[in-house]
Amino acid sequence: DAGVIQSPRHEVTEMGQEVTLRCKPISGHNSLFWYRQTMMRGLELLIYFNNNVPIDDSGMPEDRFSAKMPNASFSTLKIQPSEPRDSAVYFCASSFRNTGELFFGEGSRLTVL
Amino acid sequence: AQSVTQPDIHITVSEGASLELRCNYSYGATPYLFWYVQSPGQGLQLLLKYFSGDTLVQGIKGFEAEFKRSQSSFNLRKPSVHWSDAAEYFCAVGAGGYQKVTFGIGTKLQVIP
Chain R
6 DAGVIQSPRH EVTEMGQEVT LRCKPISGHN SLFWYRQTMM RGLELLIYFN NNVPIDDSGM
66 PEDRFSAKMP NASFSTLKIQ PSEPRDSAVY FCASSFRNTG ELFFGEGSRL TVL
Chain Z
-2 AQSVTQPDIH ITVSEGASLE LRCNYSYGAT PYLFWYVQSP GQGLQLLLKY FSGDTLVQGI
58 KGFEAEFKRS QSSFNLRKPS VHWSDAAEYF CAVGAGGYQK VTFGIGTKLQ VIP
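Protein chains in written order, with the working numbering: chain R, 6 to 118; chain Z, -2 to 110.
What the hints contain is simulated information worked out from the structure, not anything from laboratory work.
Values in this document were obtained by computation on a predicted structure and should not be read as measured data.
Treat the hints loosely; a few may be bogus.
Residues of chain Z clear of chain R, computed beta-carbon distances all greater than 12 Å [unchecked claim]: (1) Gly40; (2) Glu63; (3) Gln107.
Between beta-carbon pairs, the in silico distance windows are [stated by the list, open to error]: (4) R:Ser63 - Z:Ser67: 45 to 51 Å; (5) Z:Gly59 - R:Met44: 24 to 30 Å; (6) Z:Asp5 - R:Asn35: 42 to 48 Å; (7) R:Thr43 - Z:Asp5: 18 to 24 Å; (8) R:Thr81 - Z:Ser77: 19 to 25 Å.
From the three backbone atoms N, C-alpha and C, an ideal C-beta is built for every residue, glycine too.
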């Protein structure tokens, strides 16, 4: 079975550019989570969806960040405009029936120059 | 809001020695508790979980954890560490109707010969 699929795996961009990260959750999972991992702050929950509806976006750092889940099999996290402090690894995770047991993708490593 | 404390950022153990990684949580009700492991460049993988019932839970790779409500702890143990166990370990607590999962800062385990 395919796991959570994230793309791109690596992204290098310049400050001010738009960045879009993509995630395909495990089929049948109804919750989707976006996390950001940095050395300084560890794993931070940015936003999570249940049945494609955003439930809690209190972790989204600022208006430059937005996330969508147009259907059960796809989600995007967009940063516009990007800044060097956004450099991090962004993880997508999905879960089934709100058990809290998360299945993680391999992450998207973002470097903003 | 729930929180997780992992007091040890780095731990070094000899191969074959026993291991205990500490985790304390804060949550008003009975939490869902998890331990995840992350190898370099990879996403997180679930080691074990506690939802209810027996407070000693067994996981993959020979790990176990014990839930102690009186101490708000969920420590991870392994009787004999293998070199392949070197990784970063995250304790997490799930809470709320949609199981919002909050992670600790992580403990990096180094295994020496």
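Against the structure, the hints come out as follows:
1. The beta carbon of Gly40 of chain Z sits about 3 Å from the closest Cβ of chain R, which is not more than 12 Å, so the claim that it is off the interface is violated.
2. Once the 12 Å rule is applied to beta carbons, Glu63 of chain Z is consistent with being away from chain R; the minimum gap is 19 Å.
3. Interface exclusion of Gln107 of chain Z from chain R stands, the closest Cβ pair being 17 Å apart, more than 12 Å.
4. Between Ser63 of chain R and Ser67 of chain Z the beta carbon distance is about 31 Å. The supplied range of 45 to 51 Å is therefore violated.
5. The supplied range of 24 to 30 Å is met by Gly59 of chain Z and Met44 of chain R, whose beta-carbon atoms lie about 29 Å from each other.
6. The hinted window of 42 to 48 Å between Asp5 of chain Z and Asn35 of chain R is violated, with their beta carbons roughly 35 Å apart.
7. Take Thr43 of chain R and Asp5 of chain Z: their Cβ atoms lie about 19 Å apart, and the range 18 to 24 Å holds.
8. The hinted window of 19 to 25 Å between Thr81 of chain R and Ser77 of chain Z is violated, with their beta carbons roughly 44 Å apart.
In this structure, the hints that do not hold are numbers 1, 4, 6 and 8, in rising order.
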